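Peer 1: Sequence:
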Amino acid sequence: MLRVRFAPSPTGFLHVGSARTFIFNWLYARRNGGTMVLRLDDTDVERNTEASVNSIFGGLRWLDLGWDEEYKQSERLALHRQIADAIFQKGLAYRDFTPAHAGDSERSGPSQTWLFNPGMRELSREESDRRAAAGEPFALRFRVPRGLGQQVRFTDAVYGEQVKAADDIEDFALLRSDGMPTYHLASCADDVDLKISHIIRGQDHLSNTYKHVLIFEAAGAAVPHFAHLPLLVAPDGSKLSKRKHGPIVSVTTYRDAGFLPEAFLNFLCLLGWSPKDDRDRMSRQELIDAFSLEGINRANAVVNFKEPAATPEEMFDPKAVWLNAEHIRALPVEDLSARLLPVMREGGVNVTPEKMLAVTPLIRERIKLMRDALTAADFFFVDQLPPYDPAELIPQKGDAAMAAKALTRAREVLAKTEFRHDPLDHALRAAAQELGLKAGQMFQPIRVAACGRKNAPPLFETLEVLGREKTLARIEGALRNLS
RNA sequence: GGCGCUAUCGUCUAGGGGUUAGGACGGAAGAUUCUCAAUCUUCAAACCCGGGUUCGAUUCCCGGUAGCGCUACCA
782 MLRVRFAPSP TGFLHVGSAR TFIFNWLYAR RNGGTMVLRL DDTDVERNTE
832 ASVNSIFGGL RWLDLGWDEE YKQSERLALH RQIADAIFQK GLAYRDFTPA
882 HAGDSERSGP SQTWLFNPGM RELSREESDR RAAAGEPFAL RFRVPRGLGQ
932 QVRFTDAVYG EQVKAADDIE DFALLRSDGM PTYHLASCAD DVDLKISHII
982 RGQDHLSNTY KHVLIFEAAG AAVPHFAHLP LLVAPDGSKL SKRKHGPIVS
1032 VTTYRDAGFL PEAFLNFLCL LGWSPKDDRD RMSRQELIDA FSLEGINRAN
1082 AVVNFKEPAA TPEEMFDPKA VWLNAEHIRA LPVEDLSARL LPVMREGGVN
1132 VTPEKMLAVT PLIRERIKLM RDALTAADFF FVDQLPPYDP AELIPQKGDA
1182 AMAAKALTRA REVLAKTEFR HDPLDHALRA AAQELGLKAG QMFQPIRVAA
1232 CGRKNAPPLF ETLEVLGREK TLARIEGALR NLS
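In my numbering, the protein residues as written are 782 to 1264.
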């Protein structure tokens, strides 16, 4: 039975790297009929926050992926201690009574490799028991086989055969002196108990995996399969951090900016994985069908965002934005319209589903992010157009007089033309011809009058949706501006 | 410092002992349309360096360099 897990520690918002790890696990489970387990690795009580849990769940809910089972590591401490004790009873771990030091010993000084504490490792069982019984605090450390030339090995589905001399592995802690399990112990104990068959996680754990193999073996459990994922990094190659890179590393930023969850999912999948057949836009189902561990590559992938966040949407990886536009265009108009509705309303636009459905085809190819609809379609929803430069009304190779002539004629024609695409097309083209104007010279003043700007959707469809009343009022306004 | 992982256009990647080294984004140019988009066409753009193996290496091996990870009683 194939079982995978996503095990975030709730110490921050949902990170794009974590999201991708979740996605790859999910894809693997769905592809192979496996079970997806979500486990909150919350043993670091100090750093866990409720806000973080909310961010993780909120992000995952948005991605709409789902999982089959859910656990909280902090509720499973008894299991962790039981396994730690079993390892200790087998003589594969020892008590270390050295007072805890707050992680300051590294980086300063000659920084020698710390492997183990000989005094504590060699302490007799009697002495150890006596000091423990006396209430002296201790950390429990794994007794890594030393001086025997042993090797620890495992096969990684992505990185291949991995071997390390046991002598190079430090005697890592299993339990802290306060009795709480460390990440390594808790993670492995839970993986054993939850019968996780495949561990798919970030490559930052590749070198930790030797320790985990040691724990699995010491616990007498089967060692699961491993697949490590290349890391997602910033354009300068450094690892993504909120501290340094800000909201761009948070999944909710993409949601709030108007990414479609399936587009974001698609984008993340293409970082460090390839279907190997030149496809780029892929649906959820296509991703499931194409996913395999063989498609994962080994080099870190850059999330190509702009460091000093330029304009709001210019900061995103251009490929993510493009993919989003692709997904938007691939959506049936009805679906896109329905999904645009809440975006517009959140943006303060009062719009009916009917109106939205009429507007959607006009902006569909003109928006990259969902929120772009707010600016792309603004003129459909306001009573009064915001002020614009009357010079915009003047057509190519024309002057104010030409603009006035075109608008005056348009006012007459539009007063009696049916407001549908074809009649509008015929009437306005005929009017242009009468006036001796090129189509563009006729249309531009009308477009600017109706939309308040030069760049807008095609004229006839736009007028049709806008309606006669608003159109004529706006032409009226434009003529006033011109004089 | 120690141990390990990685290295193809600016970015994501395909490929693999002999290829015009392929695709995508982004960039440039053009076509098209009533503007803007969308679409289509074209162009520029890469095998980290040095040794070896080989008739032949970008591909295999070794070394270097660089980047990254681990080296906590964080996860």
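If you are wondering where the hints come from, they were derived from the structure by calculation, not from laboratory data.
Honestly, I wouldn't trust all of these hints.
[As the list claims (entries may be wrong)] Restricting the straight-line Cα-Cα distance to at most 20 Å, the calculated cross-link-like pairs of lysine-lysine (PhoX-like) are:
1) K1100 to K1057
2) K1197 to K1178
3) K1087 to K1023
4) K1219 to K1136
5) K1020 to K976
6) K1235 to K1178
7) K1149 to K1087
8) K1186 to K1136
9) K1235 to K1251
10) K1136 to K1178
11) K1219 to K1186
Keep in mind it's a predicted model, so treat the numbers as computed, not measured.
Peer 1: Could you run down the list of hints and mark each one as holding or not?
Peer 2: Tested hints:
Only pairs whose Cα atoms come within 20 Å are accepted, and K1100 paired with K1057 is accepted, the gap being roughly 18 Å. Distance check on the hinted pair: K1197 and K1178 sit about 29 Å apart at the alpha-carbon level, beyond 20 Å; violated. Between the alpha carbons of K1087 and K1023 the distance comes to roughly 14 Å, so the proposed pair stays at or under 20 Å and holds. For the given pair, K1219 sits about 32 Å from K1136 by alpha-carbon distance, which is inconsistent with the 20 Å threshold.
A distance of roughly 31 Å separates the Cα atoms of K1020 and K976; the hinted pair therefore is violated under the 20 Å criterion. The hinted pair formed by K1235 and K1178 meets the criterion: a straight-line CA distance of about 15 Å does not exceed 20 Å. Simply put, K1149 and K1087 have alpha-carbon atoms about 17 Å apart, close enough for the 20 Å limit, and the pair holds. Taking the CA atoms of K1186 and K1136, the gap is near 32 Å; set against the 20 Å cutoff, the hint is violated.
Only pairs whose Cα atoms come within 20 Å are accepted, and K1235 paired with K1251 is accepted, the gap being roughly 18 Å. The hinted pair formed by K1136 and K1178 fails the criterion: a straight-line CA distance of about 36 Å is larger than 20 Å. Simply put, K1219 and K1186 have alpha-carbon atoms about 13 Å apart, close enough for the 20 Å limit, and the pair holds.
The structure shown violates the earlier hints numbered 2, 4, 5, 8 and 10.
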